[in-house]
Amino acid sequence: AQSVTQLDSHVSVSEGTPVLLRCNYSSSYSPSLFWYVQHPNKGLQLLLKYTSAATLVKGINGFEAEFKKSETSFHLTKPSAHMSDAAEYFCVVSEGGNKLVFGAGTILRVKS
Amino acid sequence: ETGVTQTPRHLVMGMTNKKSLKCEQHLGHNAMYWYKQSAKKPLELMFVYSLEERVENNSVPSRFSPECPNSSHLFLHLHTLQPEDSALYLCASSQSRESNQPQHFGDGTRLSIL
Chain A
180 AQSVTQLDSH VSVSEGTPVL LRCNYSSSYS PSLFWYVQHP NKGLQLLLKY TSAATLVKGI
240 NGFEAEFKKS ETSFHLTKPS AHMSDAAEYF CVVSEGGNKL VFGAGTILRV KS
Chain B
645 ETGVTQTPRH LVMGMTNKKS LKCEQHLGHN AMYWYKQSAK KPLELMFVYS LEERVENNSV
705 PSRFSPECPN SSHLFLHLHT LQPEDSALYL CASSQSRESN QPQHFGDGTR LSIL
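In the order they appear, the protein sequences are chains A and B.
Under this note's numbering, read the first sequence as residues 180 to 291, first letter to last.
Under this note's numbering, read the second sequence as residues 645 to 758, first letter to last.
Looking at chain A on its own, in the form it has when it is part of the complex (with noise of 0.2 Å):
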């Protein structure tokens, strides 16, 4: 069975500074990944996805992601952070039939 863990449940950074958010997969094939951002009392709105093209995957609002593959590892990063960024984000692995594990999820929070 594939899984996901996110290896932090809080992050805190100050505005303008980059983000990281940290993300490893296990899976016993080429994985689907994706990011996702949850803002409060909304859904989920996708950030970026990798399905075995380029490693390094470009989203929307600056966020990107590169997959290892050694690492097993899809971390998310941003240049610099924006107040706006403020949410919880869920790293997740999609399995056969588009069954998708979900990771807990990190909570950004953006310092003025």
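Hints in this document: simulated from the structure, not taken from any laboratory.
A few of these clues could be false.
When the alpha-carbon atoms are kept at most 30 Å apart in a straight line, the in silico DSSO-like pairs for lysine-lysine are as follows [as the list claims (entries may be wrong)]:
no.: 1; chain 1: B; residue 1: K684; chain 2: B; residue 2: K663
no.: 2; chain 1: B; residue 1: K666; chain 2: A; residue 2: K237
no.: 3; chain 1: A; residue 1: K221; chain 2: B; residue 2: K684
no.: 4; chain 1: A; residue 1: K290; chain 2: B; residue 2: K684
no.: 5; chain 1: A; residue 1: K247; chain 2: B; residue 2: K685
no.: 6; chain 1: A; residue 1: K228; chain 2: B; residue 2: K662
no.: 7; chain 1: A; residue 1: K228; chain 2: B; residue 2: K663
no.: 8; chain 1: B; residue 1: K662; chain 2: A; residue 2: K221
no.: 9; chain 1: B; residue 1: K685; chain 2: B; residue 2: K663
no.: 10; chain 1: B; residue 1: K680; chain 2: B; residue 2: K662
no.: 11; chain 1: A; residue 1: K221; chain 2: A; residue 2: K237
no.: 12; chain 1: A; residue 1: K278; chain 2: A; residue 2: K247
no.: 13; chain 1: B; residue 1: K685; chain 2: A; residue 2: K248
no.: 14; chain 1: B; residue 1: K666; chain 2: B; residue 2: K685
no.: 15; chain 1: A; residue 1: K278; chain 2: A; residue 2: K221
no.: 16; chain 1: A; residue 1: K278; chain 2: A; residue 2: K290
no.: 17; chain 1: B; residue 1: K684; chain 2: B; residue 2: K662
no.: 18; chain 1: A; residue 1: K237; chain 2: B; residue 2: K662
no.: 19; chain 1: B; residue 1: K685; chain 2: A; residue 2: K228
no.: 20; chain 1: A; residue 1: K221; chain 2: B; residue 2: K663
no.: 21; chain 1: B; residue 1: K684; chain 2: A; residue 2: K248
no.: 22; chain 1: B; residue 1: K663; chain 2: A; residue 2: K237
no.: 23; chain 1: A; residue 1: K221; chain 2: B; residue 2: K680
no.: 24; chain 1: B; residue 1: K685; chain 2: A; residue 2: K278
no.: 25; chain 1: A; residue 1: K237; chain 2: A; residue 2: K248
no.: 26; chain 1: A; residue 1: K290; chain 2: A; residue 2: K237
no.: 27; chain 1: A; residue 1: K278; chain 2: A; residue 2: K237
no.: 28; chain 1: B; residue 1: K680; chain 2: B; residue 2: K663
no.: 29; chain 1: B; residue 1: K666; chain 2: A; residue 2: K247
no.: 30; chain 1: B; residue 1: K662; chain 2: A; residue 2: K278
no.: 31; chain 1: A; residue 1: K228; chain 2: A; residue 2: K290
no.: 32; chain 1: A; residue 1: K221; chain 2: B; residue 2: K666
no.: 33; chain 1: A; residue 1: K290; chain 2: B; residue 2: K685
Model the placement of chain B on the given structure of chain A, informed by the hints.
Showing chain B alone in chain A's frame:
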């Protein structure tokens, strides 16, 4: 994101009530999903429909009954719920059930059981 619309946004019901949650997608997708999001727990997949046929039921209690009358609409009928069923219920859709197809989520229905 207005591609997937869920109603109502909030619902408070007693344990003996019967109510339904509605989901509508305007994306032309062929697969639809129900998820449960509880505090302090990862999202749990409840049901999967593909081309209006239920293809997955993740050991969900029978007090939750899904219905998919067409590829654009999905319902979750609720009856005799328990307090532990209080959660955010999210609907999602995808073009197909291929693993590389991202799912698009609605804003959810916040359900509170008294």
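Results for each hint:
1. Pair hint K684/B plus K663/B holds up; C-alpha atoms about 26 Å apart against a cutoff of 30 Å.
2. At roughly 33 Å between alpha-carbon atoms, K666/B and K237/A are farther apart than 30 Å, so this suggested pair is violated.
3. This hinted pair checks out: K221/A and K684/B have alpha carbons roughly 17 Å apart, not beyond 30 Å.
4. With a CA separation close to 24 Å, the supplied pair K290/A and K684/B stays within the 30 Å bound.
5. Under the criterion of a C-alpha separation no larger than 30 Å, the hint pairing K247/A with K685/B is consistent with the structure, at around 27 Å.
6. A C-alpha spacing of about 38 Å is found between K228/A and K662/B, which places the hinted pair above 30 Å, so the restraint is violated.
7. For a cut-off of 30 Å, the pair hint linking K228/A to K663/B is broken: about 36 Å separates their Cα positions.
8. With a C-alpha separation of about 25 Å, the suggested pairing of K662/B with K221/A holds against the 30 Å cut-off.
9. At most 30 Å may separate the alpha-carbon atoms for a hinted pair to count; K685/B and K663/B meet this at roughly 24 Å.
10. Only pairs whose Cα atoms come within 30 Å are accepted, and K680/B paired with K662/B is accepted, the gap being roughly 18 Å.
11. Distance hint between K221/A and K237/A is fulfilled; the C-alpha atoms sit about 23 Å from each other, no more than 30 Å.
12. Between K278/A and K247/A the CA atoms are separated by roughly 22 Å; this keeps the pair inside 30 Å, and the hint holds.
13. This hinted pair checks out: K685/B and K248/A have alpha carbons roughly 27 Å apart, not beyond 30 Å.
14. Note on K666/B and K685/B: the hinted pairing holds, with a Cα-Cα distance of about 23 Å set against a maximum of 30 Å.
15. A C-alpha spacing of about 21 Å is found between K278/A and K221/A, which places the hinted pair at or below 30 Å, so the restraint holds.
16. A threshold of 30 Å between alpha carbons decides the hint, and for K278/A with K290/A the separation of about 35 Å lies outside it, so the pair is violated.
17. Distance check on the hinted pair: K684/B and K662/B sit about 27 Å apart at the alpha-carbon level, within 30 Å; holds.
18. With a C-alpha separation of about 45 Å, the suggested pair K237/A and K662/B falls outside the 30 Å cut-off, and the hint is violated.
19. The hinted pair formed by K685/B and K228/A meets the criterion: a straight-line CA distance of about 23 Å does not exceed 30 Å.
20. For the hint linking K221/A to K663/B, the alpha-carbon distance of about 22 Å falls within 30 Å, and the restraint holds.
21. For the hint pairing K684/B with K248/A, the CA-to-CA distance comes to about 29 Å; that is within 30 Å, so the pair holds.
22. The straight-line distance between the Cα atoms of K663/B and K237/A is roughly 41 Å, outside the 30 Å bound, and the hint therefore fails.
23. In summary, the hint linking K221/A to K680/B is supported, as the alpha carbons are separated by about 14 Å, within the 30 Å threshold.
24. Taken as a hint, the K685/B and K278/A pair is honoured in the structure, with Cα atoms around 17 Å apart against an allowance of 30 Å.
25. Our distance criterion of 30 Å between C-alpha atoms is met by K237/A and K248/A, whose separation comes to about 17 Å.
26. Of the supplied pair hints, the one linking K290/A and K237/A holds, its CA atoms being roughly 24 Å apart against a limit of 30 Å.
27. Annotation: proposed proximity of K278/A to K237/A holds, straight-line Cα distance about 23 Å (limit 30 Å).
28. With a C-alpha separation of about 16 Å, the suggested pairing of K680/B with K663/B holds against the 30 Å cut-off.
29. For the hint linking K666/B to K247/A, the alpha-carbon distance of about 40 Å lies beyond 30 Å, and the restraint is violated.
30. Between K662/B and K278/A, the direct Cα distance comes to roughly 29 Å. Compliance with the 30 Å bound is thereby established for this hinted pair.
31. Restraint check for K228/A and K290/A: satisfied, since their Cα atoms lie roughly 27 Å apart, inside the 30 Å limit.
32. The straight-line distance between the Cα atoms of K221/A and K666/B is roughly 16 Å, inside the 30 Å bound, and the hint therefore holds.
33. Restraint check: the Cα-Cα separation between K290/A and K685/B comes to about 26 Å, which is no more than 30 Å; the hinted pair holds.
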